[in-house]
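Asks: If you want the building blocks of each chain, they are given just below.
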Amino acid sequence: MVRNLKKYFPARGKWLKAVDDVSFSIGSGETLGLVGESGSGKSTLGRSILRLIEPDDGEVIFEGVDLRKLEGEELRQRRKFMQIVFQDPLASLNPMMTAGQNIEDPLIIHNIGTREERRKTVMELMDIVGLGREIIDAFPHELSGGQQQRVGVARALALNPKFIVADEPVSSLDVSIQAQVISLLYELKRRFRLSYLFISHDLAVVKYLSDRVAVMYLGTIVELASKEKLYESPLHPYTRALLASIPKMPKDGKPQKRFSALKGEIPSPVDLPPGCRFQSRCEYMTEICKEEEPAFREVSLGHFVACHHA
Amino acid sequence: MEELLVVNNLKTHFHRYEGVVKAVDGISYQLHYGETLTIVGESGSGKTVSALSLLGLIRKNGRVVDGEAIFEGRDLLKLNREELRQIRGKDISMVFQDPMTSLNPIMKVGIQIMEPLVWHKLMQGKEARERAIELLRVVGIPDYQVRVWDYPFEFSGGMRQRVMIAMALACNPKLIIADEPTTALDVTVRAQILNLMQDMKEEFGLSIILITHDVALAMNFSDSIMVMYAGKVAEYAPITEFIKNPLHPYSQGLIDSTIDIEAEEGSIKPIPGAPPNPLDLPSGCKFHPRCGYAQDICREVEPESREVGDNHRVACHLAERGET
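Chains as they are written, first to last, in the working numbering: chain A, 3 to 312; chain B, -6 to 317.
Be careful, since some hints might not be right.
So the derived list for chain B, only partly shown, Cβ under 8 angstroms to chain A, looks like this [claimed, not checked]: (1) 118; (2) 181; (3) 191; (4) 212; (5) 213; (6) 214; (7) 250; (8) 269; (9) 293.
Have a look at the derived ranges for each label pair, beta carbon to beta carbon [what the hints assert, rightly or not]: (10) 285/B x 297/A: 24 to 34 angstroms; (11) 135/A x 74/B: 46 to 56 angstroms; (12) 129/A x 73/B: 13 to 23 angstroms; (13) 136/A x 293/B: 37 to 47 angstroms.
The hints are simulated quantities; they were obtained by calculation from the structure and are not laboratory data.
Each residue gets a CB set at the ideal place from its N, CA and C atoms; glycine is no exception.
Same shape as in the complex, but just chain B (with noise of 0.2 angstroms):
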């Protein structure tokens, strides 16, 4: 397959009255045609920063200081603000956790999802409006022809998920960046927006960075999985690789903590401590004042990312394959 995107060491730091906060601290990974990259991570690991760096969304305080991001032959990292606009919301678009405030909530949902295709010039007047219609279709809206011209309120939350999916595909992007898209929905939705996202990416060959603290969601969906700590990558792998084989210690700990449909009673082993204060990170290793295997090793030198396997990478001194 080839690669959409490659990202080598990524950093995007943030300047707070307290002190540097390296929210991505030198992240690099690759993106197939076609394929569904998982990034996992607790709050503030960097996950959601690490993915908006890249379409330059970042806020005022906080910049891109080093790394690159190939989309398609282009750094997106060097492009001005007029260039990143061309790629937002066409070759790359964006679902967000909360429909309801990322949707305007005082324009129709057909004008919200037409608005990209006439900014981009793809389409106007009666053209964009069928288009909108259509995507409504597709994306399973009941009543499409009419709800077209309702307005976010009058939709369920599962509904808007759904209209912020139909204005993602407007354009045909080539990647979708989902952050949390089904964190605030209910289970019996969520599986519904979910089996909609795994179909869009069949019919349209998209390529899907999902993010998401859902690990159990994420074994299940991603083609490839790559768990964040601290800003860095803790591991990297395919998916049925990760399955097998959970190097990190820290995505060995997230899954026992995963409290799964059929854990036994007592089985669960959280994971000791609190993510650590950005501003006052631990020296060498992120992870090694909550880690069950550290060494001396691990508290004086950071460990580098190594590739354990195909493909297959893990920022541990300790881990090999077979032995953690």
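Bound-form chain A, shown alone (with noise of 0.2 angstroms):
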């Protein structure tokens, strides 16, 4: 659960609000998919929640303990439970370790096992995303984008964690090596109960993945709900517009040759005018839109938004 959460990035004289009062929670077992655009936010937000970057005010509660207050061996014993997938492969694996120890690296660390018990556990996780064993000895610049990823999810498996943040780690492979790595994070989800935190700016894989979906804008969350609801009874303007503006598959036929466009583009975070975040690219704006902030309230059972006209 994470409660008031504020990260604030100094930018010249003035305060880049990244991640600005976001309060949600992740069920055991349960995906949420968090989806916005560049500059939203969406990854100063995984990352603080593991404290790799440090917030500045809230709280992260995790199991009922707080982690912002923990320190040292206890918040490393705590985040033993919580581990990441990053977006490039390649630059968050160790590139003088093999894969075999890429992944063997945080039983190392947690002091697990002894070498052949590692060794036995980096088999069985390497079955588990599908790499096979005879990559075990190769470098990750010999691997292909789509194993360097699954040397990643591994590596994240290796700890049993309960929490994953997957940063956006599907958005430099191919397609069909997208689609590989998607049907695998799906499977360990149902295989190992897992909670994920899945970040991402596509809304197509955020929905395949998620239980619950949050819509984020510069720094806040503007709708929160079920997928279902969030994808069938959209009632941010924002939401509307990101589900508009995507291709979709012309099943009956036809090409769809233009798509519906939100105007203007995410403005600049730092000293944001009063009132809606969205205000200037918002087709519904009035006056109140431009004077107060508008509240996330629940509109209907689990379904939150942060409009005044909604």
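Both chains are sitting in their own frames, so use the hints and assemble them into the complex.
Replies: Following this line, the structure appears as structure tokens:
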């Protein structure tokens, strides 16, 4: 559970509010999708939860304990159960270590098992993520992008985590490989009852994997609902625009040619005007939107939205 | 419709220390006036090289070894450097994936848009300046009269891509080759740029070759589609035909791998394996190790591209209309 999390970066004497008062919870075995465009703060949020970036304020409560109150060894022990898979697998693996060593590394760090036992665990993990054992001694640069990401996933699984932050884990992969990795994450979720925070700009991928979905815009969550509600009856104008802008497979046989486009671009998060953050791009904008920041309210059971007009 | 460009048996090979990479190995297609052809494929399939080959933009260790590319009656592959320069940026222009690296960072965008006009001796001075401002208006840059004297870093990603398109349009080209023009952009901005390209196409009667890895985009944006795999054309078809009847197992695999917003949970079917190593291609059909239908003939004999319907070609031994 995350409560009122904030992360501000200093920017030329002003504040860039990358994560501005964000709260949500993720149940055991649940996947929360986090969607947003670049600059929305979604990666900063993911990292702040693990304290890879130190948040400025708020609470991150994992199994009853506020991670922000822990230090040193205590934090390390607790964080064993929280792992992250990054976007660029090559950059996130140690290039001087083989695939096997990369997967084994967390076990060594946490002093788990003997050498032989660890080797056995690595083999099992490689089976789980669908890596052939022949690549155990290959270096990351010798592997394909899909294999590299599987190594990244195996490494994240090594300590039997309960919660994984997956930060755009497939966006740098080719279409056919993307589908393989998504299928893998989907299987793992069911097999190990993992909780995921799945961060992506791709609404289709998020929908595929998530139980609930949060939409982020300029540092705050503007809408949060079950997957069904969010995709079938989105309430926030930004969510609606996002959904409308994606090319769909033309099942009825007719190409679309034109796509529904939102005007403008995501504004600079430094020095935001008062009122609603989405006002500059919103077609429903009225006076109140310029004056008052909309509250994040529950409009129907489990469906939250921050919009004066929703 | 008349043909603007006819490519026959184009082959571009790269010489590397480890051997010869046949990046493009015998591709053929036609492009009509006002048509959008999308080349779809994964990284390394040869889609970008096939386009760069037309403009003589292949790096030194690579060479066009065979084929012809007839553009309005002239074979682009036989032109010398000077003749190609007369066509590049004038009759054929390009839009690249990353506008930040393809614009000159220390030149005001207005000057960059004027450059092809002046270079091709179409306009000069005040006239060229006015044209640059007009082009920025056409591509939808707010405050274009002021922004024309800004540098690329002062623009956002989407705005930079609009500048690239303005530059590509400057000399009234007949053909724009757009290589992953929206891949680096956010979804809402992507839709804006695609709409802009569609508007420009209709307004100026342009032909477009769009290169992308995004199958859903290709199926919506094109008039025709060409699916490439390992340097070859796996399938080529008019888009409505392709939507109804994709025949090559690789095309079907790409479609089934695509996670659509309407996809049901558990419904994607990934293609197993990875694209082949270009230095060590499989025998027979290059796709056979990943193909669920592969038989002995696929391992031994490389399939020829066959016409299976009206302008619908597929390179697969087994594909028949309505059977696979």
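Asks: Under the constraints set out in the numbered hints, which ones does this structure not fulfil?
Replies: Result: hints 1, 8, 9, 10, 12 and 13 break, sorted rising.
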